[in-house]
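Counting from 1, one number per residue, gives the positions in the sequence shown under our numbering.
Derived by calculation from the structure, the hints in this document are not laboratory data.
The beta-carbon is built from N, C-alpha and C at its ideal position, and this holds for glycine as well.
Fair warning: there could be bad hints in the mix.
[To be verified] Straight-line alpha carbon distances no greater than 30 Å define the calculated DSS-like cross-link-like pairs of lysine-lysine that follow:
{"id": "1", "residue 1": "Lys3", "residue 2": "Lys14"}
{"id": "2", "residue 1": "Lys14", "residue 2": "Lys69"}
{"id": "3", "residue 1": "Lys14", "residue 2": "Lys65"}
{"id": "4", "residue 1": "Lys11", "residue 2": "Lys65"}
[To be verified] If you anchor each label on the Cβ, the simulated ranges turn out as follows:
{"id": "5", "residue 1": "Lys69", "residue 2": "Asp29", "range": "16 to 22 Å"}
{"id": "6", "residue 1": "Val35", "residue 2": "Pro76", "range": "28 to 34 Å"}
{"id": "7", "residue 1": "Ala41", "residue 2": "Asp12", "range": "38 to 44 Å"}
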Amino acid sequence: MAKLSIDLLDKDGKFTITQEHVSGQKLLDYWDMAVEIEENAEKLSISDIYKKRIDFIAGLFDSPKVTTKIILASVPAWELQDFIKDIFETITGTKGKTGDPKKGK
């Protein structure tokens, strides 16, 4: 069974938080967010879209140590897109699969 893990940094150094369970409701919330972003793409800046996605990711974890602010401080700029993609692929069950996830291939 997949677990959701995130490596973060604080004043004491690097640490890992693992979320053992992410509810099915979070998957539905993800798709609602994706539709909201798509429907409002012309009104949202790229920064707004990233913030929405990172806020969502922070909400997947029960630990109060996982916040939007600490995610942004911990993930290098050049890894942020891949970080978001990796988390979203994990929660949608498409991580490591090939093909179009909408077609189930």
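| query | Quick check: which numbered hints come out false for this structure? | reply | Going through the list in order, the structure violates no hint and respects every one.
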